[in-house]
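These protein sequence lines are chains A and B, in that order.
Just so we're aligned, residue 1 is where the first sequence starts under the numbering used here, counting upward by one.
Just so we're aligned, residue 1 is where the second sequence starts under the numbering used here, counting upward by one.
None of these hints come from the bench; they were simulated from the model.
There's no promise every hint is true.
[What the hints assert, rightly or not] Facing chain A, according to a computed beta carbon distance under 10 Å, are these residues of chain B, among others:
(1) F11
(2) P14
(3) T15
(4) E17
(5) E18
(6) R24
(7) R25
(8) I27
(9) A28
(10) L31
(11) S43
(12) I44
(13) M46
(14) P49
[What the hints assert, rightly or not] Far from chain B, by Cβ distances over 12 Å, these chain A residues were calculated:
(15) V54
(16) V118
(17) F153
(18) I161
(19) L241
(20) L248
(21) Y250
(22) G268
Quick reminder that beta carbons are idealized off the backbone N, C-alpha and C, glycines included.
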Amino acid sequence: MHPTSIHNLEGAASETTAAFSTSAIPAASGSGLSLAGPGDYFALMKPRVMSLVVFTAICGLLLAPGAMSGSISLISAVIAIFCIALGAGASGALNMWYDSDIDGAMARTSQRPIPKGVLTPRAVLGFGMVMSVAAIWLLLVATNWVAASLLAFTIFFYLVIYTIWLKRRTPQNIVIGGAAGAFPPMVAYAAVTGTITLDSVILFAIIFFWTPPHFWALALYKQTDYGRVGIPMLPNVKGALRTRREILFYSLFLVALTFWPVVSGLGGVVYAIANAALGGTFLVLAWRVYRSRAGDKPEVTDSDTLYAVRNGNQAARNLFLYSILYLFALFAVLTVDHLFFAGV
Amino acid sequence: MREYRNQPTEFAAPTREEIRARSRRNIAIALGLVLFLILIAVSIVMRTPG
Chain A
1 MHPTSIHNLE
11 GAASETTAAF
21 STSAIPAASG
31 SGLSLAGPGD
41 YFALMKPRVM
51 SLVVFTAICG
61 LLLAPGAMSG
71 SISLISAVIA
81 IFCIALGAGA
91 SGALNMWYDS
101 DIDGAMARTS
111 QRPIPKGVLT
121 PRAVLGFGMV
131 MSVAAIWLLL
141 VATNWVAASL
151 LAFTIFFYLV
161 IYTIWLKRRT
171 PQNIVIGGAA
181 GAFPPMVAYA
191 AVTGTITLDS
201 VILFAIIFFW
211 TPPHFWALAL
221 YKQTDYGRVG
231 IPMLPNVKGA
241 LRTRREILFY
251 SLFLVALTFW
261 PVVSGLGGVV
271 YAIANAALGG
281 TFLVLAWRVY
291 RSRAGDKPEV
301 TDSDTLYAVR
311 NGNQAARNLF
321 LYSILYLFAL
331 FAVLTVDHLF
341 FAGV
Chain B
1 MREYRNQPTE
11 FAAPTREEIR
21 ARSRRNIAIA
31 LGLVLFLILI
41 AVSIVMRTPG
């Protein structure tokens, strides 16, 4: 190129740069390059959800026969847990990609990277896909094809079955979609054994039946948020009373199910006693939600009625918060009992 | 005749914040790739009999 041409181009560039940096592009983004840092990508992976996934996966791994006697090396076990966390994070990112149109309208999700304008949906989709492939491939290399296939199915289930298909179509969305969150201990169990057994199915079932009361308790006091964006959560579609009844029903079934490890030998006396206390508290809180007015719309807008509704919502909030603690404690006690008291 | 179609005529210089953010992303991607390769290598070594 002739030097004069270069000079001309540079001149044009500097003029255009001035135009871009002052008026054409908002001040936050001078040239259109993303301002997103690694922290924003980490936020896509739903770290709080990931912590529960990682914890239940560690428990599933430790509960697998042979986990403590050399069936899997420590390094492979750590890599397996890392892959499950990565897969869960990838699912979270893909979920945020698909739900980016509604996340901005809900207070709880409005500060996620896409509605905040830090990342584009396309970038998030790419990130989620790459992380999914990396997690599945690494798990395959580190452990076995059963665990890798289960992880792949989990990601598929969360994105396609739950996020794309069920979430916006049926109030039973989280009942069926809850399976995605229930797979991690099963994946970890398969990483050790290379198979699926009744014990790993029990671990799956406990989380599966824990999910509805957990999420519906949240939905009872956040239903306006879900309703505004057209997500058919049970309180919006079937009403608060039906939701409170189903919370109680699922809670009863859940607590009954949590005694199955005692029958199968996965847990022992310590687990049975702790589970009775944990499950009893869960049922008391579920009963309080059932008896409350959580999720009811106030008939009269005087201060007393508003106060009563707030009281009702408090019961739902208590159950929601306790349910998180409950699942952590249940899996922790089961694992400790299995490793140190019930014998391997 | 000269073909100008694929030659850019407008430029936008990234701001300092954008360059810093891009550098952080590049470093994170590089570290992620290195970590991934190490984990793959370790997994293969761990599973190799003998």
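Against the structure, the hints:
1. F11: holds (4 Å)
2. P14: holds (4 Å)
3. T15: Holds: closest Cβ of chain A sits about 4 Å from T15(B), inside 10 Å.
4. E17: holds (6 Å)
5. E18: holds (4 Å)
6. R24: At about 5 Å, which falls below the 10 Å cut-off, the nearest Cβ of chain A leaves the hint on R24(B) intact, so it holds.
7. R25: holds (7 Å)
8. I27: Since chain A brings a Cβ to about 8 Å from I27(B), closer than 10 Å, the hint holds.
9. A28: holds (4 Å)
10. L31: holds (9 Å)
11. S43: holds (4 Å)
12. I44: This interface hint holds because 6 Å falls under the 10 Å limit.
13. M46: holds (5 Å)
14. P49: violated (13 Å)
15. V54: holds (16 Å)
16. V118: It is violated; V118(A) is separated from chain B by about 10 Å at its closest Cβ, not greater than 12 Å.
17. F153: It holds; F153(A) is separated from chain B by about 21 Å at its closest Cβ, greater than 12 Å.
18. I161: holds (28 Å)
19. L241: Nearest chain B Cβ is 49 Å from L241(A), so the label holds.
20. L248: L248(A) is indeed farther than 12 Å from all Cβ atoms of chain B, at 45 Å.
21. Y250: It holds; Y250(A) is separated from chain B by about 39 Å at its closest Cβ, greater than 12 Å.
22. G268: Given that every Cβ of chain B is farther than 12 Å from that of G268(A), nearest at about 32 Å, it holds.
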